[in-house]
Structure formats: structure tokens, C-alpha cells
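Using the hints, position chains B and C against chain A.
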Amino acid sequence: MRLLIFLARRLGYSIFVLLGLSILVFLIARVMPGDPARMAMGPRAPEWVVERFRTEMHLDKPLYVQYYYWLRDALQGKFGLSIYTRRDVSQDIGEFFPATMELALFAGIIMGVFGIVLGVVSARYANSWIDNSVRVITYMGVVTPAYVFAILFLLLFGYVLNLLPTTGRLSPGVPAPPTRTGLVTLDSLLAGNFTAFFDALKHLIMPGIALALGGLSQEARITRASITENLQRDFIALERSQAIPERVIMSKYLLKLSLIPTVSILGLDFASLLGNAFLVEMIFNWPGMSRYGIHAMLTKDLNAIVAVIMIFGVIFITVNIIVDLVVSWLDPRIRLGAERAK
Amino acid sequence: MEMELARSAALARKWERAKRLWYKFSRNPLSIVGLVTVLLIGFIAAFAPFISPYPKHASGYVNFSEASKPPSLKHPLGTDVFGRDVLSRIFFGYRFSLMMGVVVLSLVVPPGVTLGLLAGYLKGTWVDTFIMRITDIFVAIPPLVLALAVASVLTPSVFNAMMAVSLMWWPWYCRMVYGIASSLRNEFFVQAAEVTGASRWHILFREILPNCYAPIFTKMSLDMGWVILIGSALSFVGLGAQPPTPDLGTMLADGAKYMPDQWWIAVFPALAIMIVVLGFNLLGDGIRDMLEVEEV
Amino acid sequence: MAEALLEIRELHIGFEVYGGTLKVLNGVDLMVREGEKVGLVGETGCGKTTTAKSTLRILPMPPARISRGEILFRGADILKMGPKEIRRVQGQGISMIFQDPTAALNPVFTIGEQLMDAIRYSNSQEALGRREIRARAIQALKDVALPDPERILECYPIQLSGGMRQRVCIAMAIATEAELLIADEPTTSLDVTIQAQVLRLLGNLVQEKEASTILITHSLGIVREWTDRVYVMYAGGMVEAAKTREIFARPLHPYTQLLMRAVPKLTGEGIAEGIPGRIPDYLNPPPGCRFHPRCPYAMPICAQERPPFFPRGEDHQVACFLYKG
Chain A
1 MRLLIFLARR
11 LGYSIFVLLG
21 LSILVFLIAR
31 VMPGDPARMA
41 MGPRAPEWVV
51 ERFRTEMHLD
61 KPLYVQYYYW
71 LRDALQGKFG
81 LSIYTRRDVS
91 QDIGEFFPAT
101 MELALFAGII
111 MGVFGIVLGV
121 VSARYANSWI
131 DNSVRVITYM
141 GVVTPAYVFA
151 ILFLLLFGYV
161 LNLLPTTGRL
171 SPGVPAPPTR
181 TGLVTLDSLL
191 AGNFTAFFDA
201 LKHLIMPGIA
211 LALGGLSQEA
221 RITRASITEN
231 LQRDFIALER
241 SQAIPERVIM
251 SKYLLKLSLI
261 PTVSILGLDF
271 ASLLGNAFLV
281 EMIFNWPGMS
291 RYGIHAMLTK
301 DLNAIVAVIM
311 IFGVIFITVN
321 IIVDLVVSWL
331 DPRIRLGAER
341 AK
Chain B
1 MEMELARSAA
11 LARKWERAKR
21 LWYKFSRNPL
31 SIVGLVTVLL
41 IGFIAAFAPF
51 ISPYPKHASG
61 YVNFSEASKP
71 PSLKHPLGTD
81 VFGRDVLSRI
91 FFGYRFSLMM
101 GVVVLSLVVP
111 PGVTLGLLAG
121 YLKGTWVDTF
131 IMRITDIFVA
141 IPPLVLALAV
151 ASVLTPSVFN
161 AMMAVSLMWW
171 PWYCRMVYGI
181 ASSLRNEFFV
191 QAAEVTGASR
201 WHILFREILP
211 NCYAPIFTKM
221 SLDMGWVILI
231 GSALSFVGLG
241 AQPPTPDLGT
251 MLADGAKYMP
261 DQWWIAVFPA
271 LAIMIVVLGF
281 NLLGDGIRDM
291 LEVEEV
Chain C
1 MAEALLEIRE
11 LHIGFEVYGG
21 TLKVLNGVDL
31 MVREGEKVGL
41 VGETGCGKTT
51 TAKSTLRILP
61 MPPARISRGE
71 ILFRGADILK
81 MGPKEIRRVQ
91 GQGISMIFQD
101 PTAALNPVFT
111 IGEQLMDAIR
121 YSNSQEALGR
131 REIRARAIQA
141 LKDVALPDPE
151 RILECYPIQL
161 SGGMRQRVCI
171 AMAIATEAEL
181 LIADEPTTSL
191 DVTIQAQVLR
201 LLGNLVQEKE
211 ASTILITHSL
221 GIVREWTDRV
231 YVMYAGGMVE
241 AAKTREIFAR
251 PLHPYTQLLM
261 RAVPKLTGEG
271 IAEGIPGRIP
281 DYLNPPPGCR
291 FHPRCPYAMP
301 ICAQERPPFF
311 PRGEDHQVAC
321 FLYKG
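Chains as they are written, first to last, in the working numbering: chain A, 1 to 342; chain B, 1 to 296; chain C, 1 to 325.
What the hints contain is simulated information worked out from the structure, not anything from laboratory work. You may find that some hints are simply not true.
[Stated by the list, open to error] Each pair of labels, with its calculated beta carbon distance range:
#1 A:L63 x B:K56: 47 to 53 angstroms
#2 A:N127 x B:S106: 50 to 56 angstroms
#3 A:W129 x B:Q242: 45 to 51 angstroms
#4 B:P111 x C:S161: 43 to 49 angstroms
#5 B:P49 x C:V17: 33 to 39 angstroms
#6 A:Y68 x B:P49: 52 to 58 angstroms
#7 A:Q232 x C:A145: 30 to 36 angstroms
#8 B:S68 x A:R87: 35 to 41 angstroms
#9 B:P111 x C:N284: 47 to 53 angstroms
#10 B:T129 x C:R130: 49 to 55 angstroms
#11 B:K56 x A:L163: 38 to 44 angstroms
#12 B:W201 x A:L3: 41 to 47 angstroms
#13 A:Y69 x B:K56: 51 to 57 angstroms
#14 C:R130 x A:V160: 35 to 41 angstroms
[To be verified] So, partial list: chain A residues that the calculated Cβ filter (under 10 angstroms) puts toward chain C:
#15 L231
#16 Q232
#17 D234
#18 L238
#19 S241
#20 E246
#21 V248
#22 M250
#23 Y253
#24 K256
#25 R333
#26 R335
#27 L336
As the structure is a computational prediction, the values presented were derived from the model and not from experiment. Think of the CB as a built atom: it goes at the ideal place given N, C-alpha and C, for glycine as much as any other residue.
Isolated chain A, as found in the complex (with noise of 0.2 angstroms):
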């Protein structure tokens, strides 16, 4: 009940905000210079035709009439033609948007498991050479943007030690699974081919950890201080007085409490991930969303830009929606307090 009441307000909150970022997308693609009617037909259609072009799509309205049919069609998943495929973009997007999934859950998982793991152990062995190492490589990986992780990879284990495949998903000569979940190691385990599954997650590891080294480090280093200061609080004391071996503090009180903060961040690391992926995508040319937005961006394919952030605005959402909840059960003063404050 208490969850159902937490979940109907935050879903009623993205909803306001899907709504307002919706207009600000819309604004953006069209008060900003230049004809949406002319873009779409091409500089060489006869004026007659642009003209019919924008009666047909109301662009001859005003703004919020036109909003009103876009914000119709949006609901029904038309986001228009793509002037660069010339199909529907919601067709692309289908098309395109596994690929970005299936990298940007591979990486985030990366970035949550190697980051927490990573700063327990800094905590745990606090003020050690292996504590002092991670605290280094973490703060290179905090300031190092991903696309330089990305071609740096590709440099060295692409091409000096020629260990993993430096373009797309799946090595040519390799058959594609039959597409059932779209992502494509999944599939091929679905289908029992441990060639393809294997090859695609060669493809998956260098733009994978290329993208999460970024959210790793920062999750490193939040779990180590959380812990280390928690460490210095009065319950930790008492539980060591009360004879509770050091391994039950550690694993069961401690850590509970020590990755609230952590799961916290984890939303925004993920933004800035899904950010990034639209760089390191591009580097190893990836077949995603996110390479596929880029080329709308510099054709300004604008019925693809703005697909393409609505869609970023809900993967986005539904991550903190996710976030949300486990921070709540993780930490019971969130759960209740919004109780009490209803």
C-alpha cells in the first residue's frame, strides 16, 4: 500500500515532467531558425509541394496547435518521417534502440557491481597500497571523459594487442541470432549458439567499460567514504561492544547503510552515461540510438532529434523511478518520512 502510494506520486511527477520536457524538445526544434517544411522536402522540391507539406502537418498554425498534434501523435508513437532514413522514426528507433540498451545495460551494471566492490575493498583495507592505488586510478577515471577512454582502448586493445573487435556488434561471418529480445548476447543465448554469445560480448567490453569507468570511479569513491565514516559512528561502536563479529558489522550493518549514498548517485551516473554513449557509440561505431541520433543531429533531422530525447528523457526517468524505490528500501527514514509527512 505505502509502495503503491510512493509509486503513484513519482509516476505522476515523471509524468509532469516528461510533459514539460516534451515542450522544451518541441520548442527547441521549432522556434530555432529555419523552415521544418523546407528541411523535410529538400532544398529542390517546388514550393508548392513544401506548402502542402506544411498545411498537412499544421506547421501553418500556431505553436500550441501544433504542439497539440505533435503531443497526439507523440502518445501514439509517431514521431513523424526521418528525413535521413525516410521512414518512420519510431521504426528506427525500434530498429536502433536494443543495441543502445544492450550497451548501456552492460555498462551499467559494469559501473554499479566494479564501483561498490571496488570502494568496499578501498574501505576495508583503508590507508593500504590497495587503498591508495584505487583512490588514484578512480580519480583518473572520474576525470577522464569516456570518448578518450574509448580511443585509448581502441588504440590498445584493438589494434597494438589486437585482442577484441573494434567495430559493431557482432565480428562478420558470425550469424546474427533470430532477434527475440534485440539484445543480441541474450538472444544468442536464448538460441543456444555460445559462438555468437561469446563474440558479441567481445564486441560489448571495450565501449562497455569505456562508458562505465566514468560512474565506477565516482561510485568507488562515494562507497569508500561513505563507509569510512559511517565506520567512525556511535552504532558501529555498540554493535562491537555487543560481542557481533567484525564480519556481520561489516557485511550486514555496515554496507546497508554505506550504499544508500551510492545507489543514490547511480541515476545521475547513469545519465551521464547514456550521455556519453552518444560519443563512444560513434567511436566504435555501434548501431544505437545514440549514433543514430548524432546523424539526425547533423542532418537536423528533427522529428529524430526530438524522438530520439524523449526517449532518452524516459529510459532516464524509468532509471530513477528504479533508483528511487531501492534507495527507499534500503533506507527506512525515506520510506517513513514520506508516510509522516502525508
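Okay, now just chains B and C, sitting in the frame of chain A:
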């Protein structure tokens, strides 16, 4: 005589204060590394035309007989496919990077801070709701994606890239200042000012704002690095500075095409970006220690 | 006379900080006999809590460092114990009640979880069954007069009031049937209105369980009402120890005398006198007797030597050169 004494006493106090600040800053040697890095980059940017080995190579210079040469004594970081000296272009690239940071922050901080102050002081009113819900919308999408989108509808140029980054950056200042202002509005010194009939302008900018200086300043020094990074990302995908402008992002994108054989064309600009972001981060951490800001 | 349960001898503890060592404990001596209720009085920051925590070996080390001394529990030195032995002391030897129950309870676990773990690990000999642990937890909550213990087990600390939280902490301390209970200012952080209640409860429980107690406080009123014997502590060392009645009738150490006079009197004889001067800087404490810079009777020797305990009558000791010989 007395006035002189008072003045010298005040001067001594200021000197003491500065010494204490410097002590707190310099306790961590990494802060000094950051400061030196930033100063060095500033120097390079300011005097690029004089210290670059080949100042002419900064723009559309072409010399195919010297093209794609690996690092050597003549060209310490090698040359690109047009025969231009990579080191000189990095020196000039730092000019664009720093300009990007300075322009964006000076566009972003005043409105962001003002809106945050206003919303925080008027917490609970429609002004608060209006401003803060707008920031919610802006932070609901990865910053880089929004900047890319805005840049894409404009003509790609350094100036428009700055506009795009500015448009998505202000909400973060707004939110930070909002947090401080809304917690300060019930403090005695604010209430005292209200009782004496001080104007809203006075309360916002003379009473509350000075309490926000330390976190704002710290965030600005940390953000310099991030703004430069996002700016170079825009150039990297081709939505910012256009070739032959020697922007680090553009150089990186060009160089990436010639990997792995001419690795130096991409790797050195990449390292250059890393160094500038690292420098501003170390400096920012030092300023945070110095001003004793909790967390930004 | 009963046997000594806990005996601290010449305990020196320092905290390593930036720029040197804070010499927090400077030769602490303390003894608790079986069944005895001992008061430990002193100003805030004089080392009472550090002394208490050192007996359970829960001081954070580093920065804390024990440079000298021994802590004997039933004759065995706690500071030299191996992991198994120390856990036996922590489990069923000594329990501690912290000053601030809000800080002493883990905010993200239920009371039941924390209380039951305290019971589960207190007994190192036999493993208790889940049901047995739960029954004991409920009994402990009943002992501290908390209503509806079943429900409280499911509660998080945030759902309880300050007074209830401290009752939970007391329940944790008594549930393990410890021989020695150390209560570190158990009522300081509570509302004035419930302080008396909680103290009375603690008093009754100690009586019932026949546990020895160290009550740490800065309130002389509580000491007078509560304890058999009192230690007065100043700046990391004991300055006087005596039977409670004796010390109130005949305070010997200048600091004790000043402390007694600093208490506001209900009879309305004007405002209490403060003690001039301040607690010394622990980084560079004054040499000799640490009280000498504030002491009205200071002699040259006070700045040179640290006074040991001089016996004055039955069970009365005082660390002051005024009473030498």
C-alpha cells in the same frame, strides 16, 4: 597616525587570513599540482602565438610534404594529415577550451544563482514552484544529450556550442543555491533584515548571497573542467567548433579516423583534454578544502 | 569486602591527530567491586567516555593509541586478550549504554534485528535458537516497560521517541545478562521530563539483576542519589575517589570542592559559582597536576610531578599534594 595604524592592522589581519587560507589549500600537495597545471594551461593559452613552435599551423595551413609525421625533435607530438604541428595546435586548442569554460560559466552563474536565491527565499510560493519545476525538466535528461540537441538546431560553431552548453548548465547552480537559500531564510540575520524593512534585493544579494559564495566558487572551479569536456564533446561529434579551428575535440575526432597508424594525431589531444579536466578538478578540490565547503 | 570485578590501572590513551597526540587519558585508576554502583563524575570532555569505551576495546584505533596501563576484568587483562576472550567479555561481561540513543542505534535496521543480534552473539558457548532469541528480546523490551514489544521489534529507530530509543538501548544492555553495566550519561540527550523515569527504570533493573554498574554523569545530584562510591575525574585522570556519602560530606581535592560549589542550590543562596579557567589543551597539557593552573592552592611541586592517589581514611583516596603524608 591612528588611521594609519588601523589601516596597517586591517592589512595585517587580511594577510593573516590569506596565510590561513593558503595553509588550508596547500595542505594537500595535489591542490598545488592542480593550481600549477591550471596556471600553466592559462599561460599556454594566453601566449600561444609566441610559444608555439609553428603558430601558423593553428589554422588552415597545409604542407603535404610534412604530413602524418610521427613525433620527432622537429615536431615533438608529430604532425597531422595536413602536415600541421600537433603541439602547436594543442596550444591553440587550449585557448578555445578556456574561452569555452569562462564564457559558459559567466553566462550561467548569474542567472542560475539569482533564480536559486529567489526560489529559495520565496520557498513555498508559486515562484519557487515555477522555477524549481523548470529545473526539474532540465535535469531530467542527460546534460550532454540536451546540449547536443540544442547545438544541432543551431549552426555549428564555437559560439553556438557555448550557447547550447549554457542553456543546460544553469539549473545546477539554481538547485545548489536554492538548497542554501531555503535553509537560510529562517535564520535570525535574515529575519532581522526583514524586520528592519530591508528591500528584497538587499536580503537576497547582501544577506543570503554572501553565504553562498564558498560553494559557488568551489563549483565553478570544478565545473570549468566539465564545461571544457562537454564543449570538446560537441566539437568531437561535429556540432561545435568546425575544422580547421584547432579545438581539442575537433582534433580528436579527426585523429580518430587515422587510428591506429597515426595514433599521435588523436592520442595527444585526448591527453590534453584529460590534463585540463584533471587540473581543474584538483584545483577545485583544493578550493573546497580551503573554503571548507561540505560537498558540491 | 567484595572482590574487584573491574580494575583499571595507570591507563594512558592518546589520540593521534594532525600536529601531535592528544593525551586524553593520563594515568586513569578505577576499580569496581562486585555488586557495586560506582559513579564517574567530571566535566564534558574529561575522558569519561574514552575510559568506558576502552574497557570494551571499542575505541577506534587508530587514531586512539593505548600507550600504558592495564584493564583487568576478573583479573584478566582486557588489553592483552585474544579475539575469543575479548568477545566473551563483550558478550556477557560488560555492556554499555551510550549517551545518545539516536546515534547508538543503526537507522536502517529494525529494533528487532539489532536487539536479537546483540542477544545472539552475546553467548559464545551455546548457539541459541531463533525462537529463544526472540523470546529473550521480547522479555528485555518488557523489562524496560515498553508497551507492545512485538510491534516494537518491527519498528525502525525513527519510529520511536528519544525516551523509547534509550529504553531499547537499555534493553540491549540488560538482555545479555552482563556482569557490569556501564551507563554513559544515559539521560543527557533526553527530555528533562523523562530523564527521571529512565533513571528510575535503570535503577530498578540494576537492583533486580544484581549487576555492578558504572554510571557516568556530570550531574552530582544523580550521583548522590544513585551510587555507592564516586570517582571524580579531571582532564584525563582521577582526582578523588570515595564513598558517595563521604565525598559529599568531606570533599578533599580542590577540584572536587569547586565542583560541589558549582552546583546550583535549591535553597536559593544565589547563583552557583563557576570554576575559573578552562579545561587544558590536551595537545600540550600542563605538566605535573593538570589542575594546577586553575587551582587556588597550587604549590611549586604541582607543576613538576603528577600526584598519585594518597589514601585518606577508609576507602577515600585523593590525588593532591596537599594531602601528602
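How does the Cβ-Cβ distance of P111 (chain B) and N284 (chain C) compare with 47 to 53 angstroms: does it lie in that range?
Between P111 (chain B) and N284 (chain C), where Cβ atoms are some 52 angstroms apart, the hint holds.
Please test the hint of 35 to 41 angstroms on the beta carbon pair from S68 (chain B) and R87 (chain A).
With Cβ atoms ~40 angstroms apart, the hint holds.
Against chain C, is S241 (chain A) within 10 angstroms by beta-carbon distance?
4 angstroms, holds
Chain C contact restraint for R333 (chain A) - C-beta distance below 10 angstroms
5 angstroms, holds
Quick check: does the Cβ-Cβ distance between T129 (chain B) and R130 (chain C) fall within 49 to 55 angstroms?
51 angstroms, holds
Minimum beta-carbon distance criterion (10 angstroms), L336 (chain A) to chain C
6 angstroms, holds
That 45 to 51 angstroms hint for W129 (chain A) and Q242 (chain B) (C-beta), does it hold up?
47 angstroms, holds
Taking the closest Cβ pair, is L231 (chain A) under 10 angstroms from chain C?
7 angstroms, holds
Check the following: the C-beta atoms of R130 (chain C) and V160 (chain A) are separated by a distance inside 35 to 41 angstroms.
At roughly 59 angstroms between Cβ atoms, V160 (chain A) and R130 (chain C) fall outside 35 to 41 angstroms, so the hint is violated.
Tell me if the interface restraint on Y253 (chain A) is satisfied: Cβ within less than 10 angstroms of some Cβ in chain C.
5 angstroms, holds
R335 (chain A) as an interface hint toward chain C, with CB separation required under 10 angstroms
This interface hint holds because 9 angstroms falls under the 10 angstroms limit.
Return the status of the interface hint for D234 (chain A): holds when the least beta-carbon distance to chain C is below 10 angstroms, violated otherwise.
4 angstroms, holds
Consistency with the previously given hints fails for numbers 2, 5, 14 and 22, ordered from lowest to highest.
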